[in-house]
Amino acid sequence: EDKVVQSPLSLVVHEGDTVTLNCSYEVTNFRSLLWYKQEKKAPTFLFMLTSSGIEKKSGRLSSILDKKELFSILNITATQTGDSAIYLCAVEWGNKLVFGAGTILRVKS
Amino acid sequence: NAGVTQTPKFQVLKTGQSMTLQCAQDMNHEYMSWYRQDPGMGLRLIHYSVGAGITDQGEVPNGYNVSRSTTEDFPLRLLSAAPSQTSVYFCASMRLLNTGELFFGEGSRLTVL
Numbered sequence: 001e002d003k004v005v006q007s008p009l010s011l012v013v014h015e016g017d018t019v020t021l022n023c024s025y026e027v028t029n030f031r032s033l034l035w036y037k038q039e040k041k042a043p044t045f046l047f048m049l050t051s052s053g054i055e056k057k058s059g060r061l062s063s064i065l066d067k068k069e070l071f072s073i074l075n076i077t078a079t080q081t082g083d084s085a086i087y088l089c090a091v092e093w094g095n096k097l098v099f100g101a102g103t104i105l106r107v108k109s
Numbered sequence: 001n002a003g004v005t006q007t008p009k010f011q012v013l014k015t016g017q018s019m020t021l022q023c024a025q026d027m028n029h030e031y032m033s034w035y036r037q038d039p040g041m042g043l044r045l046i047h048y049s050v051g052a053g054i055t056d057q058g059e060v061p062n063g064y065n066v067s068r069s070t071t072e073d074f075p076l077r078l079l080s081a082a083p084s085q086t087s088v089y090f091c092a093s094m095r096l097l098n099t100g101e102l103f104f105g106e107g108s109r110l111t112v113l
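Chains A and B, in that order, give the protein sequences. Going by our numbering, 107 is the number at position 107 of the first sequence; the sequence numbering is gapless. Going by our numbering, 2 is the number at position 2 of the second sequence; the sequence numbering is gapless.
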């Protein structure tokens with residue numbers, strides 16, 4: 001009964017590639033969908049999405065939410081080795097943040 | 001600017017022992033939570049609290065207790081440790097009104113033999 005499902009589970013790309021990470025969820029009455037990046041230690045916040053169709057951007061990273069189809073994507077363009085990390089998607093509902101299993105991204109030089 | 005502080009960072013226990021993971025935040029956040037992270041399973045919510053005196057169960061609460069007597073502190077107790085509780089534990093907090101941006105502690109690696 002996973003509520004948040006991420007794909008792919010892992011991904012290896014070369015520097016300069018563009019990647020798209022997927023997050024689908026089964027929670028209907030949610031308040032927000034969030035993306036986090038986890039390198040060696042604790043996750044750090046990337047984006048919070050609450051409205052469908054509105055892209056959030058930060059440098060080479062961008063994300064968008066589709067509330068009708070219940071999914072979100074995280075795009076990373078011109079990847080660098082420093083983008084290697086676990087990317088976590090979470091959904092906030094009922095005062096809880098529930099995470100997916102994460103996508104392990106490795107960027108090779 | 002301490003943020004979220006967890007102690008201890010590492011702990012080895014024998015099966016059946018009890019222990020408490022401490023978590024403190026100095027940002028006056030209403031919401032605090034505990035997660036465990038195991039390979040391939042992301043972060044799974046153990047317990048959470050929306051304010052002093054209020055706690056609730058997350059996805060994997062069995063074997064763990066929490067209390068929230070103050071806004072700042074949210075300890076996690078393992079009553080009788082089992083090898084299945086070997087994991088990395090993260091405490092996190094956030095403002096309820098600015099939902100979504102969790103601030104995490106550095107994690108506590110627990111091994112149960």
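Source of the hints: derived by calculation from the structure; they are not laboratory data. Hints should not be assumed to be uniformly reliable.
Below, computed lysine-lysine pairings styled on BS3-like, alpha-carbon distance capped at 27 Å [unchecked claim]:
(1) A:K37 x B:K14
(2) A:K108 x A:K3
(3) A:K67 x A:K108
(4) A:K41 x A:K108
(5) A:K40 x A:K67
(6) A:K41 x B:K9
(7) A:K57 x A:K108
(8) A:K37 x A:K108
(9) A:K96 x A:K41
(10) A:K108 x A:K68
(11) A:K3 x A:K68
(12) B:K14 x A:K41
(13) A:K96 x A:K37
(14) A:K96 x B:K14
(15) A:K56 x B:K9
Hints and how they fare:
Among the hinted pairs, K37 (chain A) with K14 (chain B) is inconsistent with the structure: their alpha-carbon atoms are about 33 Å apart, more than 27 Å. At most 27 Å may separate the alpha-carbon atoms for a hinted pair to count; K108 (chain A) and K3 (chain A) exceed this at roughly 31 Å. For the hint pairing K67 (chain A) with K108 (chain A), the CA-to-CA distance comes to about 34 Å; that exceeds 27 Å, so the pair is violated. Restraint check: the Cα-Cα separation between K41 (chain A) and K108 (chain A) comes to about 21 Å, which is no more than 27 Å; the hinted pair holds.
Distance restraint check for K40 (chain A) and K67 (chain A): the Cα-Cα separation of roughly 32 Å exceeds the 27 Å cut-off, and the hinted pair is therefore not satisfied. With a CA separation close to 11 Å, the supplied pair K41 (chain A) and K9 (chain B) stays within the 27 Å bound. Restraint check: the Cα-Cα separation between K57 (chain A) and K108 (chain A) comes to about 24 Å, which is no more than 27 Å; the hinted pair holds. Between K37 (chain A) and K108 (chain A) the CA atoms are separated by roughly 18 Å; this keeps the pair inside 27 Å, and the hint holds.
Of the supplied pair hints, the one linking K96 (chain A) and K41 (chain A) holds, its CA atoms being roughly 22 Å apart against a limit of 27 Å. Taken as a hint, the K108 (chain A) and K68 (chain A) pair is broken in the structure, with Cα atoms around 35 Å apart against an allowance of 27 Å. A C-alpha spacing of about 16 Å is found between K3 (chain A) and K68 (chain A), which places the hinted pair at or below 27 Å, so the restraint holds. A hinted pair counts as satisfied when its Cα atoms are at most 27 Å apart, and K14 (chain B) with K41 (chain A) qualifies at roughly 25 Å.
At most 27 Å may separate the alpha-carbon atoms for a hinted pair to count; K96 (chain A) and K37 (chain A) meet this at roughly 19 Å. Pair hint K96 (chain A) plus K14 (chain B) does not hold up; C-alpha atoms about 31 Å apart against a cutoff of 27 Å. Of the pairs offered as hints, the one joining K56 (chain A) and K9 (chain B) is violated, with about 35 Å between alpha carbons and a cut-off of 27 Å exceeded.
Hint compliance for this structure: hints 1, 2, 3, 5, 10, 14, 15 are not met, and every other hint is.
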